[in-house]
Amino acid sequence: MDKVYPIEICGFKTELPILALPSGVSICFFNLHGDQALTEHCGKAIAKLLEGECDVIVTAESKGLQLAHVVARELGHRYYAVCRKSKKLYMQDGIEASVKSITTGEAQTLYLSKHDADLLKGRRVAIVDDVVSTGGSLLGIEKIVELAGGNIVKKAFVLAEGDARDRKDIVYLAGIPLLK
36 MDKVYPIEIC
46 GFKTELPILA
56 LPSGVSICFF
66 NLHGDQALTE
76 HCGKAIAKLL
86 EGECDVIVTA
96 ESKGLQLAHV
106 VARELGHRYY
116 AVCRKSKKLY
126 MQDGIEASVK
136 SITTGEAQTL
146 YLSKHDADLL
156 KGRRVAIVDD
166 VVSTGGSLLG
176 IEKIVELAGG
186 NIVKKAFVLA
196 EGDARDRKDI
206 VYLAGIPLLK
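The sequence shown begins at 36 in the numbering used here and counts up one residue at a time.
The hints are simulated quantities; they were obtained by calculation from the structure and are not laboratory data.
Here a beta-carbon is modelled for each residue, glycine too, at the ideal position from N, C-alpha and C.
Keep in mind that the hints are not guaranteed to be accurate.
[Claimed, not checked] Simulated restraints on C-beta separations:
| id | residue 1 | residue 2 | range |
| --- | --- | --- | --- |
| 1 | Arg113 | Lys203 | 17 to 23 Å |
| 2 | Ala72 | Lys215 | 16 to 22 Å |
| 3 | Pro41 | Asn186 | 18 to 24 Å |
| 4 | Glu181 | His68 | 17 to 23 Å |
| 5 | Gly157 | Leu214 | 39 to 45 Å |
[As the list claims (entries may be wrong)] Derived lysine-lysine pairs resembling DSS-like cross-links, with alpha carbons at most 30 Å apart:
| id | residue 1 | residue 2 |
| --- | --- | --- |
| 6 | Lys83 | Lys120 |
| 7 | Lys98 | Lys83 |
| 8 | Lys178 | Lys189 |
| 9 | Lys123 | Lys48 |
| 10 | Lys38 | Lys98 |
| 11 | Lys149 | Lys178 |
| 12 | Lys122 | Lys48 |
| 13 | Lys178 | Lys190 |
| 14 | Lys178 | Lys79 |
| 15 | Lys83 | Lys203 |
| 16 | Lys156 | Lys215 |
| 17 | Lys123 | Lys203 |
| 18 | Lys149 | Lys120 |
| 19 | Lys178 | Lys48 |
| 20 | Lys98 | Lys178 |
| 21 | Lys83 | Lys178 |
| 22 | Lys189 | Lys156 |
| 23 | Lys178 | Lys122 |
| 24 | Lys48 | Lys190 |
| 25 | Lys190 | Lys122 |
| 26 | Lys120 | Lys215 |
| 27 | Lys203 | Lys189 |
| 28 | Lys48 | Lys38 |
| 29 | Lys79 | Lys189 |
| 30 | Lys122 | Lys98 |
| 31 | Lys123 | Lys215 |
| 32 | Lys203 | Lys190 |
| 33 | Lys48 | Lys215 |
| 34 | Lys203 | Lys215 |
| 35 | Lys83 | Lys48 |
| 36 | Lys189 | Lys120 |
| 37 | Lys149 | Lys122 |
Let the hints inform the model, and build the full structure from the sequences given.
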């Protein structure tokens with residue numbers, strides 16, 4: 036049996052596989068893809084943290100997508116904005132920002148369509164994503180929101196990893212360690 040990290044997220048018990056990254060650090064891998072029960076549970080819990088706080092939410096592709104869907108639905112928002120990791124045909128007039136995250140280890144560019152940028156302009160924006168660790172991806176999303184003219188009012192995550200658990204500028208449902 037592979038090594039796992041048992042965790043309880045607001046009453047929902049699950050196990051996260053422990054995966055080694057090329058950097059030599061191991062992570063407790065959190066994956067919402069395909070787990071509708073966990074996604075629904077976490078999305079509803081995050082929505083409670085954001086009630087009355089924001090006009091629109093923004094997330095990053097890809098594991099934040101289904102989470103943002105649930106959060107937006109629970110908050111009564113028809114739309115949510117998505118920072119994509121590749122430039123789609125319909126995004127030629129959008130905005131972009133470069134980021135570096137712990138899971139990729141390389142620089143990436145985030146893209147936001149004009150439609151989604153217009154959703155953020157002049158609005159109270161909450162950033163929603165699955166995990167915050169080094170904050171590289173978060174910096175990219177913050178830059179995108181700034182370029183779009185949005186006002187970040189909350190940054191909400193399912194999990195805060197490693198030193199991110201000590202950040203005062205975020206809210207999260209549970210913490211996980213970085214493992215050596």
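Quiz prompt | Hint consistency between Lys178 and Lys122 [alpha-carbon to alpha-carbon, up to 30 Å] | solution = holds (17 Å)
Exercise. Decide if the proposed pair is consistent with the structure: Lys203 and Lys215, CA atoms, cutoff 30 Å inclusive.
Key: Holds, because 25 Å separates the two Cα atoms, which is no more than 30 Å.
Self-check item: 30 Å Cα cutoff - pair Lys178, Lys189
Solution: holds (14 Å)
Quiz item: Are the Cα positions of Lys48 and Lys190 separated by 30 Å at most?
Solution: This hinted pair holds, its Cα atoms lying about 24 Å apart.
Quiz item: Are Gly157 and Leu214 spaced within 39 to 45 Å by their CB atoms?
Solution: holds (42 Å)
Quiz item: Are the Cα positions of Lys149 and Lys120 separated by 30 Å at most?
Solution: Holds, at roughly 15 Å.
Quiz item: Straight-line Cα separation of Lys83 and Lys48 no greater than 30 Å?
Solution: holds (19 Å)
Exercise. Could you grab the alpha-carbon distance between Lys122 and Lys98 and see if it respects the 30 Å cut-off?
Key: holds (17 Å)
Exercise. Below or equal to 30 Å on CA atoms is what counts here, so check Lys83 against Lys120.
Key: holds (28 Å)
Quiz item: Is Lys189 within 30 Å of Lys156, Cα to Cα?
Solution: Holds: Lys189 and Lys156 sit about 16 Å apart, inside 30 Å.
Practice problem: Verify the proposed pairing of Lys83 with Lys178, using a straight-line Cα cut of 30 Å. | Solution: It holds: about 25 Å lies between the C-alpha atoms, which stays within 30 Å.
Quiz item: Is the straight-line distance between the alpha-carbon of Lys122 and that of Lys48 30 Å or less?
Solution: Violated, at about 37 Å.
Going down the numbered hints, you'll see the structure goes against 1, 2, 3, 4, 9, 12, 16, 17, 19 and 31, while the others check out.
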